[in-house]
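Q: These protein sequence lines are chains A and B, in that order.
Residue 107 is where the first sequence starts when you use my numbering, and the numbers rise one by one after that.
Residue 85 is where the second sequence starts when you use my numbering, and the numbers rise one by one after that.
I should point out that these hints are in silico values taken from the structure, not numbers from a laboratory.
Quick caveat, the model's predicted, so the values are computed rather than measured.
There could be a bad hint or two in this list.
[What the hints assert, rightly or not] Within a straight-line C-alpha distance of at most 30 Å, the following computed DSS-like cross-link-like pairs (lysine-lysine) qualify:
no. : chain 1 : residue 1 : chain 2 : residue 2
1   : A       : K511      : A       : K277
2   : A       : K454      : B       : K218
3   : B       : K229      : A       : K578
[What the hints assert, rightly or not] Where chain B lies over chain A, by a calculated footprint (3+ residues, C-beta under 8 Å):
no. : stretch
4   : 155-169
5   : 597-611
[Said to hold, decoys possible] Chain A is faced by these chain B residues, among others (derived, beta-carbon under 7 Å):
no. : residue
6   : E251
7   : T254
8   : D271
Ideal Cβ positions, reconstructed from N, Cα and C, are used throughout, including at glycine.
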Amino acid sequence: MQKIGVFVCWCGSNIAGTVDVGRVVEAVRQEPGVAFAADYQYMCSDSGQNLIKSAVKEHGLTGIVVCSCSPRMHEATFKKTAAAAGLNPYMVEIANIREHCSWIHKNMEEATEKAIVLARAAIAKVLKDAPLTSGTTEVTKRALVIGGGIAGIQTALDIAEAGFAVDIVEKQPTIGGRMAQLDKTFPTLDCSACILTPKMVDAGANENIELFTYSEVESVKGFVGNFTVTIRKKARSVRADLCTGCGECTEKCPSRKTKNEFNMGMDTRGAIYIPYAQAVPKIAVIDREHCLHFKTGKCGLCERTCSAKAIDFAQEDELVTRNYGAIVMATGFQMIDPSGFGEFGYGKSKDVLTSLEFERLMNAAGPTGGHLVCPSDGRHPKHIVFIQCVGSRDTSGCGKPYCSKICCMYTAKHAILVRDKYPDVSVTVFYIDVRTPGKNFDEFYRRAVEEYGVQYVKGMVGKVTREGGRLKVQGSDLLNDRQLHLEADMVVLAAAIEPDPTARSVASMLTASIDTNGFMTEAHPKLRPVESPTAGVFLSGVCQGPKDIPETVAQASACAAKVIGLLCKQKLVNNACVASSDPLLCNGCSSCEKVCPYGAITYEERELNDKGVRRTARVAVVNEAVCQGCGACTVACPSGAMDLKGFTNQQIMAEVDAICR
Amino acid sequence: MNYYYYPGCTLKTKAKALDASARAAAECLGVTLTEVPEWQCCGAVYPMAQDEVAARLSAVRALLAAREAGVPLVTLCSACHHVIKRVNADMAKNPDLRQKAANYLGLSTPYAGETKVLHYLEVLKNDVGFETIKQQVKHPLTGQKIGAYYGCLLLRPADVMQFDDPESPTMLEDLLRALGAAPVDYDQKNECCAGYLSLTDPAAASRRTRAILTSAREAGAEALVTACPLCQYNLSRHSGGSLPVYYVTELLEAALKGGNGHA
Chain A
107 MQKIGVFVCW
117 CGSNIAGTVD
127 VGRVVEAVRQ
137 EPGVAFAADY
147 QYMCSDSGQN
157 LIKSAVKEHG
167 LTGIVVCSCS
177 PRMHEATFKK
187 TAAAAGLNPY
197 MVEIANIREH
207 CSWIHKNMEE
217 ATEKAIVLAR
227 AAIAKVLKDA
237 PLTSGTTEVT
247 KRALVIGGGI
257 AGIQTALDIA
267 EAGFAVDIVE
277 KQPTIGGRMA
287 QLDKTFPTLD
297 CSACILTPKM
307 VDAGANENIE
317 LFTYSEVESV
327 KGFVGNFTVT
337 IRKKARSVRA
347 DLCTGCGECT
357 EKCPSRKTKN
367 EFNMGMDTRG
377 AIYIPYAQAV
387 PKIAVIDREH
397 CLHFKTGKCG
407 LCERTCSAKA
417 IDFAQEDELV
427 TRNYGAIVMA
437 TGFQMIDPSG
447 FGEFGYGKSK
457 DVLTSLEFER
467 LMNAAGPTGG
477 HLVCPSDGRH
487 PKHIVFIQCV
497 GSRDTSGCGK
507 PYCSKICCMY
517 TAKHAILVRD
527 KYPDVSVTVF
537 YIDVRTPGKN
547 FDEFYRRAVE
557 EYGVQYVKGM
567 VGKVTREGGR
577 LKVQGSDLLN
587 DRQLHLEADM
597 VVLAAAIEPD
607 PTARSVASML
617 TASIDTNGFM
627 TEAHPKLRPV
637 ESPTAGVFLS
647 GVCQGPKDIP
657 ETVAQASACA
667 AKVIGLLCKQ
677 KLVNNACVAS
687 SDPLLCNGCS
697 SCEKVCPYGA
707 ITYEERELND
717 KGVRRTARVA
727 VVNEAVCQGC
737 GACTVACPSG
747 AMDLKGFTNQ
757 QIMAEVDAIC
767 R
Chain B
85 MNYYYYPGCT
95 LKTKAKALDA
105 SARAAAECLG
115 VTLTEVPEWQ
125 CCGAVYPMAQ
135 DEVAARLSAV
145 RALLAAREAG
155 VPLVTLCSAC
165 HHVIKRVNAD
175 MAKNPDLRQK
185 AANYLGLSTP
195 YAGETKVLHY
205 LEVLKNDVGF
215 ETIKQQVKHP
225 LTGQKIGAYY
235 GCLLLRPADV
245 MQFDDPESPT
255 MLEDLLRALG
265 AAPVDYDQKN
275 ECCAGYLSLT
285 DPAAASRRTR
295 AILTSAREAG
305 AEALVTACPL
315 CQYNLSRHSG
325 GSLPVYYVTE
335 LLEAALKGGN
345 GHA
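Let the hints inform the model, and build the full structure from the sequences given.
A: In structure tokens, the structure reads:
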């Protein structure tokens with residue numbers, strides 16, 4: 107018979123405020139197998155843990171139940187405590203009487219009853235616990251970074267700096283991401299390209315970094331320390347080993363109607379193109395959808411032009427499979443399409459732009475060579491209206507409920523840049539709130555108002571209409587309680603940002619969770635912000651939530667630190683709660699093999715001694731180093747042969763019995 | 085296709101053309117409109133006060149009549165539609181108002197919004213189908229540049245009216261296209277015509293209608309269509325005949341039957 111100790115935590119008033127902990131202790135003392143029970147204010151504190159350790163020694167306890175917070179919070183803590191007292195850590199069970207009980211109940215009587223029931227269930231489980239031993243696995247000393255924007259680049263550079271190999275997979279033909287599209291950066295107004303492109307070059311040149319551009323993740327298998335990833339290198343139709351990036355072909359290409367993604371579709375590019383002058387790698391790519399050769403079989407001008415003989419129309423997609431110890435999500439963001447907000451007339455007038463389009467319009471390498479002109483007719487604007495929170499903090503259903511965080515600052519930046527370069531252009535900004543927390547951020551915004559004479563109006567715009575070749579903006583000025591009807595030449599919409607649409611499919615391959623807004627979920631929102639709840643998957647940049655550049659870079663480096671910490675380990679301790687199959691019950695149906703997401707189950711022919719009868723059978727075998735203990739196989743198994751150590755069917759039934767008793 | 089039809093006061097006086105053309109077109113399309121027996125004024129303006137019961141009662145009477153007949157209630161005038169649809173939502177969602185209305189009307193079973201309220205255009209779109217109408221057009225309005233004017237009462241509040249996207253509605257344009265016309269998109273199509281302000285603040289009404297007419301003209305419209313007698317009145321009064329404003333049902337009838345020589 108086991109000797110079980112039950113330790114009931116008050117969690118200050120978190121639990122004790124709603125649960126009568128004394129009564130819980132009294133009640134569990136009556137349970138079979140319980141040799142000791144006590145309550146304490148903070149069981150996770152040093153003295154609380156010492157209480158457990160001394161009770162184990164004094165009463166010769168063989169199992170422990172801690173009635174406290176969620177096991178996600180402190181299961182590891184109490185397992186360590188048990189191990190320090192000489193117990194097998196798998197002889198510890200947590201009864202969650204905080205999140206599952208005290209926090210969600212108000213009535214002390216009911217909450218106490220429920221806490222007792224939860225404790226009973228945990229005791230019933232410990233009675234059937236068996237000591238388990240963890241195995242270990244090697245760690246593949248290579249990391250994969252998905253996304254080659256500033257977040258992915260910074261994470262990769264830091265990992266490479268620590269001496270580990272790292273690959274970047276980027277779906278575009280060049281790394282650089284959104285930051286490459288920006289003109290200036292707040293609050294210092296240094297040129298975005300000038301600070302980004304050296305990092306892009308470093309990433310391209312670093313011997314520890316390999317770039318897979320124009321590539322996508324095809325499939326992911328495995329688990330922390332041992333991922334196997336297949337990468338699809340899409341056919342560029344240009345040989346990377348021969349192309350010199352001279353750009354001759356891009357100028358000769360006769361198909362010129364494709365919208366240039368880099369300039370947000372405000373000008374066109376050829377079907378063979380290099381995204382921009384500082385692209386890394388600087389290799390041309392053929393957009394087959396628009397290429398005359400692929401559409402009609404004629405043309406071939408680029409092939410004749412290329413002196414390096416790099417054009418290869420027959421090139422095919424290539425699949426590369428590699429092993430990684432860690433995977434970093436750095437999939438970034440895009441702007442929402444504001445045409446869902448009909449009141450702003452986006453898509454109806456060319457002079458209504460998104461902020462990212464405006465960014466390209468102001469940029470020297472942009473569609474107008476950096477001259478600020480109205481896209482509709484090329485005239486010089488006299489008045490520009492900026493509208494903030496287009497689709498941010500919006501619960502109407504068209505937009506996003508969250509604050510996109512970067513818009514207040516970049517709008518102030520746009521306003522300053524316009525007023526600085528063109529003092530004759532007046533600027534009005536409509537805002538709901540101006541949010542500028544950040545080092546030197548509020549000073550920057552105040553400069554826009556006080557030094558650059560930007561007109562800030564608190565209120566939202568209700569309608570943008572075209573009138574006599576110009577735009578008319580109707581908005582409310584809440585502080586003066588009046589309606590404004592302003593004539594404008596351009597309207598710039600600070601549209602909300604949202605996670606890049608590819609993040610969802612990549613996340614599902616990684617079994618990493620995403621929140622209701624499509625952002626990646628952290629392992630803990632405060633204490634583990636760069637780790638995903640899936641072991642070995644890390645988060646860098648805006649894929650986790652809206653961020654500006656300084657914050658993204660800081661998070662990217664933090665993410666790299668976590669990856670380096672993992673790759674430094676020689677061996678990883680496995681989860682001991684793994685599946686195992688009883689060969690005598692197994693009927694060889696393969697149901698478990700089909701549902702296993704880790705490929706941990708194989709089948710082999712085995713000679714069995716079935717109650718004295720010798721027979722050969724095809725049975726399931728679990729690779730314990732690969733099994734992650736998800737339990738899918740135990741549910742799928744029709745004959746009851748498959749069971750999960752630490753969570754056996756018997757244990758779960760015992761828990762249910764204890765609850766229903 | 086059988087419906088109860090609620091014409092409203094204006095359609096019996098100032099806007100007889102709207103009523104007549106709608107009935108004629110409905111007949112062509114096999115839609116049977118039975119006038120609600122002994123209907124009363126809808127109340128004309130939706131009462132915003134939550135404790136105002138009396139002003140909702142006449143709408144409830146029409147809704148009740150349709151509930152008893154077991155058919156949807158079709159309206160045409162934007163203002164009537166607005167009042168009746170919103171009162172219907174009140175009866176469905178606000179138990180307090182529902183009970184008070186029942187007390188006033190002496191109902192043993194309170195009216196709880198059971199009647200389906202449809203605008204004439206919704207019947208055309210969802211029950212008849214614009215594609216069917218297109219096939220029945222005998223005199224297409226080919227090449228006619230027409231601006232669709234929605235006004236505000238049909239569209240907002242969008243969650244109650246559920247008529248069309250309040251910022252970029254397309255229902256009228258879709259119908260005009262089915263009639264063979266070339267609808268013209270313009271920015272002011274969903275803005276208010278000033279409503280009753282034309283009585284209390286004519287200057288404001290004039291500014292509002294001018295903005296709408298200018299916007300439509302600049303976009304190339306040669307005529308406007310509306311479903312609302314008050315919008316029609318305000319717009320045509322200020323257009324001075326330079327931009328004719330028709331009821332959409334007039335064009336519908338013309339396209340189906342020919343003859344009227346509109347637009």
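Q: If a hint holds in the structure, say so; if it doesn't, say that too.
A: Hint-by-hint comparison with the structure:
no.	hint	result
1	A:K511 to A:K277	holds (26 Å)
2	A:K454 to B:K218	holds (28 Å)
3	B:K229 to A:K578	holds (24 Å)
4	155-169	violated (count 0)
5	597-611	violated (count 0)
6	E251	holds (3 Å)
7	T254	violated (10 Å)
8	D271	holds (4 Å)
This entry does not satisfy hints 4, 5 and 7, going by the numbered hints stated previously.
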